[in-house]
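Take these sequences, add in the hints, and give me the full structure.
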Amino acid sequence: MAKSLVIVESPAKAKTIGKFLGRKYKIKASVGHIIDLPKSKLGIDIEDNFEPRYITIRGKGPILSELKKEAKKADKVYLATDPDREGEAISWHLANALNLDKDDKNRIEFNEITKNAIINAMKKPRKIDMDLVDAQQARRVLDRLVGYKISPLLWKKVRKGLSAGRVQSVATKLIVDREREIEKFIPEEYWSIDFLLLKDKAEFESTLNGKMIDGKVKKIKISNEEESKEISEKISKSELIVKEVKRGKKRRNPYPSYTTSSLQQDASTRLGFSTKKTMRVAQDLYQGIDIKGAGTVGLITYIRTDSTRISNEAQQAAKEYISSNYGEKYLARNNKSKNKKNIQDAHEAIRPTDILRTPSSIKESLKNDQYKLYKLIWERFVASQMSQAVYDTLGINISAEDYVLRTSGSQINFDGFMKVYPIKSQDKNMDIPNMEVGDKLNLKDILPKQHFTQPPAKYSEASLVKAMEELGIGRPATYSPTISTILSRGYVLIENKYFKPTELGFVVTDLLIEYFENIINEEFTASMEDKLDKVEEGNIIWKKVIEDFYNDFEHVLKVAEEEITEIDMDEETDIECEKCGRNMVIKHGRYGKFLACPGYPECKNTKPILNKLDIPCPKCKDGEIIERRSKKGRKFYGCTNYPECDFVSWDMPINESCPDCGSILVKKNSKKGNYIKCSECDYKRNEKEEN
Numbered sequence: 001m002a003k004s005l006v007i008v009e010s011p012a013k014a015k016t017i018g019k020f021l022g023r024k025y026k027i028k029a030s031v032g033h034i035i036d037l038p039k040s041k042l043g044i045d046i047e048d049n050f051e052p053r054y055i056t057i058r059g060k061g062p063i064l065s066e067l068k069k070e071a072k073k074a075d076k077v078y079l080a081t082d083p084d085r086e087g088e089a090i091s092w093h094l095a096n097a098l099n100l101d102k103d104d105k106n107r108i109e110f111n112e113i114t115k116n117a118i119i120n121a122m123k124k125p126r127k128i129d130m131d132l133v134d135a136q137q138a139r140r141v142l143d144r145l146v147g148y149k150i151s152p153l154l155w156k157k158v159r160k161g162l163s164a165g166r167v168q169s170v171a172t173k174l175i176v177d178r179e180r181e182i183e184k185f186i187p188e189e190y191w192s193i194d195f196l197l198l199k200d201k202a203e204f205e206s207t208l209n210g211k212m213i214d215g216k217v218k219k220i221k222i223s224n225e226e227e228s229k230e231i232s233e234k235i236s237k238s239e240l241i242v243k244e245v246k247r248g249k250k251r252r253n254p255y256p257s258y259t260t261s262s263l264q265q266d267a268s269t270r271l272g273f274s275t276k277k278t279m280r281v282a283q284d285l286y287q288g289i290d291i292k293g294a295g296t297v298g299l300i301t302y303i304r305t306d307s308t309r310i311s312n313e314a315q316q317a318a319k320e321y322i323s324s325n326y327g328e329k330y331l332a333r334n335n336k337s338k339n340k341k342n343i344q345d346a347h348e349a350i351r352p353t354d355i356l357r358t359p360s361s362i363k364e365s366l367k368n369d370q371y372k373l374y375k376l377i378w379e380r381f382v383a384s385q386m387s388q389a390v391y392d393t394l395g396i397n398i399s400a401e402d403y404v405l406r407t408s409g410s411q412i413n414f415d416g417f418m419k420v421y422p423i424k425s426q427d428k429n430m431d432i433p434n435m436e437v438g439d440k441l442n443l444k445d446i447l448p449k450q451h452f453t454q455p456p457a458k459y460s461e462a463s464l465v466k467a468m469e470e471l472g473i474g475r476p477a478t479y480s481p482t483i484s485t486i487l488s489r490g491y492v493l494i495e496n497k498y499f500k501p502t503e504l505g506f507v508v509t510d511l512l513i514e515y516f517e518n519i520i521n522e523e524f525t526a527s528m529e530d531k532l533d534k535v536e537e538g539n540i541i542w543k544k545v546i547e548d549f550y551n552d553f554e555h556v557l558k559v560a561e562e563e564i565t566e567i568d569m570d571e572e573t574d575i576e577c578e579k580c581g582r583n584m585v586i587k588h589g590r591y592g593k594f595l596a597c598p599g600y601p602e603c604k605n606t607k608p609i610l611n612k613l614d615i616p617c618p619k620c621k622d623g624e625i626i627e628r629r630s631k632k633g634r635k636f637y638g639c640t641n642y643p644e645c646d647f648v649s650w651d652m653p654i655n656e657s658c659p660d661c662g663s664i665l666v667k668k669n670s671k672k673g674n675y676i677k678c679s680e681c682d683y684k685r686n687e688k689e690e691n
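For the sequence shown, position 291 (counting from the first letter as 1) is numbered 291 according to full-length UniProt numbering, and the numbering increases by one without interruption.
Among the hints, erroneous ones may be present.
[What the hints assert, rightly or not] Straight-line alpha carbon distances no greater than 30 Å define the calculated DSS-like cross-link-like pairs of lysine-lysine that follow:
#, residue 1, residue 2
1, Lys68, Lys102
2, Lys160, Lys558
3, Lys458, Lys160
4, Lys587, Lys497
5, Lys329, Lys250
6, Lys102, Lys73
7, Lys249, Lys458
8, Lys277, Lys363
9, Lys127, Lys26
10, Lys216, Lys250
11, Lys444, Lys375
12, Lys424, Lys363
13, Lys149, Lys19
14, Lys319, Lys292
15, Lys668, Lys277
16, Lys229, Lys218
17, Lys15, Lys3
18, Lys237, Lys219
19, Lys211, Lys444
20, Lys375, Lys319
21, Lys534, Lys149
22, Lys160, Lys579
23, Lys449, Lys668
24, Lys276, Lys363
[To be verified] Simulated restraints on C-beta separations:
#, residue 1, residue 2, range
25, Thr453, Arg582, 43 to 53 Å
26, Ser238, Cys661, 55 to 65 Å
27, Pro456, Ile575, 33 to 43 Å
28, Glu239, Asp651, 50 to 60 Å
29, Ile575, Ile55, 41 to 51 Å
30, Ala317, Leu196, 50 to 60 Å
31, Asp568, Glu205, 53 to 63 Å
32, Glu188, Lys218, 16 to 26 Å
33, Gln315, Asn120, 11 to 21 Å
34, Leu471, Ile55, 32 to 42 Å
These are calculated hints, taken from the structure and not from any lab test.
The structure displayed is predicted, hence computed values, not measured ones.
Glycine included, every Cβ here is placed at the ideal spot set by N, Cα and C.
Here it is in C-alpha cells:
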C-alpha cells in the first residue's frame with residue numbers, strides 16, 4: 001500500500017516526526033536547501049527583471065533523486081519544513097523540483113515537534129504561501145546583489161577573500177564606530193561624597209544627593225578634590241536633621257518568555273554561550289531529544305521568533321503548574337507582555353513544549369549544555385507567568401544647611417517570579433536604624449571618592465545582538481550567522497569576550513562608508529527589513545523592491561569602480577627572508593598579521609609574527625612563551641618550540657611562580673574582576689595584591 005511522503009529539512013527532525021506518524025508515512029530529509037543560486041556566478045538576470053536562476057546545489061543531486069523516487073511512489077506528498085520564510089522557500093523549491101500541483105494543499109507547519117502538534121498539523125495542510133516565499137527571494141536576491149557586486153571590488157582594491165554584505169557590513173560598522181568612540185573618549189573627573197552617620201550608637205551610610213535651590217533638590221557636580229573638600233567642610237559644620245522618612249513598596253514585573261534575541265543575550269551573559277553555540281544547542285532541543293521513558297521528543301518550541309506571545313493552552317498549563325507547586329499567590333494577575341513594534345509575530349515565544357517536563361526530571365537524558373539551556377528556557381517561561389516580586393523600600397532625606405543627604409534601601413517582601421528566575425538586585429539592604437522626622441544625627445566620618453567618566457563599553461555578543469535588534473538590523477535567523485561571518489572574514493576579533501575591530505575591519509568599513517554610505521548604514525538596513533516584512537504581508541511586489549534599490553546602487557557602484565585606488569596594507573620590515581634575502585612584509589590574514597616574502601609567487605616564504613611575553617616556557621625551559629591565535633581567531637599562549645614542546649594556556653602567563661606548588665601563574669579575566677591564579681593548583685589572589 002502506498003504511503004504518504006513527508007519531507008523535512010534535517011535527519012534529526014525526520015527521526016522525531018517518524019515516531020509520531022507511524023507506518024502510514026515515510027519521512028525523508030532534504031538536508032537544508034536543495035535548490036539555490038549558484039556560488040560561482042551572480043545567478044540573477046538583471047535584464048530580465050531580476051529573475052533568479054536557481055540550480056540544484058552541488059552534492060545535493062543524489063538527495064533530490066531519492067526524493068523524486070519516493071514522491072512518485074507516494075499517494076500524497078507533504079512539505080514540513082520550518083515555519084518561516086526560509087522554510088517556506090525550501091518547500092516551494094521542493095514542490096517545483098518534484099512537480100507537485102501548485103494549488104495542492106501540501107504544506108504543513110507546526111511550532112513545536114510534539115505528537116499532538118504534528119497530528120494536528122497533518123489535519124490542516126495548506127497551500128504554499130507565496131508571499132513568504134517572495135519575502136525570502138527578495139532578501140536572497142538583495143543580499144546576492146550587494147555581496148557579489150561589492151565583494152569583487154574589495155578583492156581588486158584591497159585583497160582577495162574579502163566580502164561585503166547588507167547586514168554583515170553594518171554589524172562591522174557598529175563595532176568600528178564604537179571602537180572609535182572609545183579611542184576619542186576623554187575621561188572627566190568627578191567626585192562623590194559618602195558620610196558615615198550615627199543615630200544614637202547605630203552606624204549607617206548616607207550619600208550627598210544635591211543642594212536645595214528654590215525649594216527643590218538639585219543635583220550638583222563636584223569636579224575636583226578642592227570642591228569636594230569645600231562641601232565636606234561645610235557639611236561637617238552643619239546640623240544634620242532628618243527631614244523626610246518615606247516607606248513604600250516597589251514591584252518588579254517578570255520578564256517575558258524568550259525571543260531569539262533575548263535568548264542569545266541571556267545565554268551569553270548567564271551561561272557564557274556564543275550566539276552560534278546557543279542556536280546549535282537550541283536546534284537540538286527543538287528537533288528532538290531521546291528522553292528516557294518517553295522516546296524522542298521536541299523539548300522547546302520553534303527557536304527563530306521575535307514574538308513574546310504565549311498560546312492560551314501553554315498559559316493554562318503554566319497556571320495549573322504554578323498553582324499546584326508554588327501556591328495561588330504566585331499566579332500572575334493580568335500579567336500579559338506586550339510585543340515590541342515592527343515584529344513579525346509569526347510564532348510564539350520560545351518555551352518548553354511541556355511544562356511538566358522539568359529540567360531536573362530529564363537531566364539524565366541531556367548533555368550538559370542542553371540541560372543548561374533548557375533549564376534557562378523553562379525557568380524563564382514559568383517565571384513569565386508568575387506574579388510580581390515586591391520590595392519594601394525606605395528613603396530618608398537628611399538636611400545639612402543647604403545640602404541634602406540621602407539614605408535609601410530595600411528588602412524583598414515577596415519573591416514572586418524570582419522564586420524560579422532569580423535576579424541580582426543593585427538595591428542596598430535596609431540595614432538602617434529607625435528614625436523619625438526631626439531626629440538629629442551625628443557625623444562620624446566623611447568618605448569622599450574620586451571617579452572618572454567611563455567610555456562606552458565595547459560590544460559583547462549579547463550587546464551586539466541587542467543593538468542589532470533595537471536598530472532593526474537583520475531578523476532572528478540572521479544574528480548568529482552575521483556574527484560568525486564578520487569573525488571568519490577577519491574584520492573583528494573577540495578579546496576577553498568583547499569585539500575588537502582589526503585593521504582590516506577599519507580599512508574595509510571606511511572604504512564602504514565612503515562610497516556606499518546610503519547602503520552600508522543602520523537606517524537603510526532597517527528600512528529594507530520593513531520592506532521585506534511588507535512583501536511577506538502581500539503589500540509590495542518583491543521585484544519592485546529590488547528594482548528601486550538597484551537603480552541607485554548601479555550608479556554608485558560605477559563611481560566606486562572608477563575612483564577607488566588600490567590599497568596596499570603591507571608593511572615592510574627589516575627582517576630578511578632566509579630564502580631569498582628580501583625584506584619581509586607584514587600581511588593581514590584571516591587570523592591576524594604574519595610575515596611574508598614580497599617576492600611571491602617566486603618566493604612563497606611566510607612565518608608568524610611572534611609576540612613574545614619575555615617569559616621562559618615552564619615546560620621545556622628552552623623556549624619562550626608567545627601569543628598565538630587558534631583557527632577560530634581566539635587568543636592563546638604557547639611555546640616557541642612547538643611542536644616539540646606542547647605547552648599551551650588560554651590565560652596569559654605572568655613571570656611568577658606559584659608560592660604553593662611552584663607552577664607558573666596566569667592572569668584570569670572574569671566579570672567579577674581580574675585575578676591571578678596558579679595554572680596547576682588552587683592558589684588564587686586578587687590582581688592588585690602583593691605576593
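Now the hints, each set against the structure:
1. Lys68 - Lys102: holds (16 Å)
2. Lys160 - Lys558: Holds. Lys160 to Lys558 sits at ~20 Å (cutoff 30 Å).
3. Lys458 - Lys160: Status holds; Cα separation ~29 Å.
4. Lys587 - Lys497: With a Cα-Cα distance of about 25 Å, the restraint between Lys587 and Lys497 holds, given a limit of 30 Å.
5. Lys329 - Lys250: holds (17 Å)
6. Lys102 - Lys73: At roughly 19 Å apart (the allowed maximum being 30 Å), Lys73 and Lys102 satisfy the hint.
7. Lys249 - Lys458: With a Cα-Cα distance of about 36 Å, the restraint between Lys249 and Lys458 is violated, given a limit of 30 Å.
8. Lys277 - Lys363: holds (19 Å)
9. Lys127 - Lys26: holds (21 Å)
10. Lys216 - Lys250: Holds, because 24 Å separates the two Cα atoms, which is no more than 30 Å.
11. Lys444 - Lys375: Violated. Lys444 to Lys375 sits at ~48 Å, over the 30 Å cutoff.
12. Lys424 - Lys363: holds (26 Å)
13. Lys149 - Lys19: Outside the cut-off at roughly 47 Å; violated.
14. Lys319 - Lys292: holds (26 Å)
15. Lys668 - Lys277: holds (23 Å)
16. Lys229 - Lys218: Holds, at roughly 19 Å.
17. Lys15 - Lys3: Given pair Lys15, Lys3 holds - Cα atoms ~17 Å apart, limit 30 Å.
18. Lys237 - Lys219: holds (21 Å)
19. Lys211 - Lys444: Measuring from Cα to Cα gives roughly 21 Å; hence the hint holds.
20. Lys375 - Lys319: holds (19 Å)
21. Lys534 - Lys149: holds (25 Å)
22. Lys160 - Lys579: Holds, at roughly 25 Å.
23. Lys449 - Lys668: holds (28 Å)
24. Lys276 - Lys363: Within the cut-off at roughly 23 Å; holds.
25. Thr453 - Arg582: 43 to 53 Å: holds (49 Å)
26. Ser238 - Cys661: 55 to 65 Å: holds (57 Å)
27. Pro456 - Ile575: 33 to 43 Å: For Ile575 against Pro456, whose Cβ atoms are near 38 Å apart, the range 33 to 43 Å holds.
28. Glu239 - Asp651: 50 to 60 Å: Taking Cβ atoms as reference, Glu239 and Asp651 lie about 55 Å apart, which means the hint holds.
29. Ile575 - Ile55: 41 to 51 Å: holds (48 Å)
30. Ala317 - Leu196: 50 to 60 Å: holds (53 Å)
31. Asp568 - Glu205: 53 to 63 Å: Holds, since Asp568 and Glu205 (Cβ atoms, about 60 Å apart) stay within the stated range.
32. Glu188 - Lys218: 16 to 26 Å: Between Glu188 and Lys218, where Cβ atoms are some 20 Å apart, the hint holds.
33. Gln315 - Asn120: 11 to 21 Å: Between Gln315 and Asn120, where Cβ atoms are some 18 Å apart, the hint holds.
34. Leu471 - Ile55: 32 to 42 Å: holds (35 Å)
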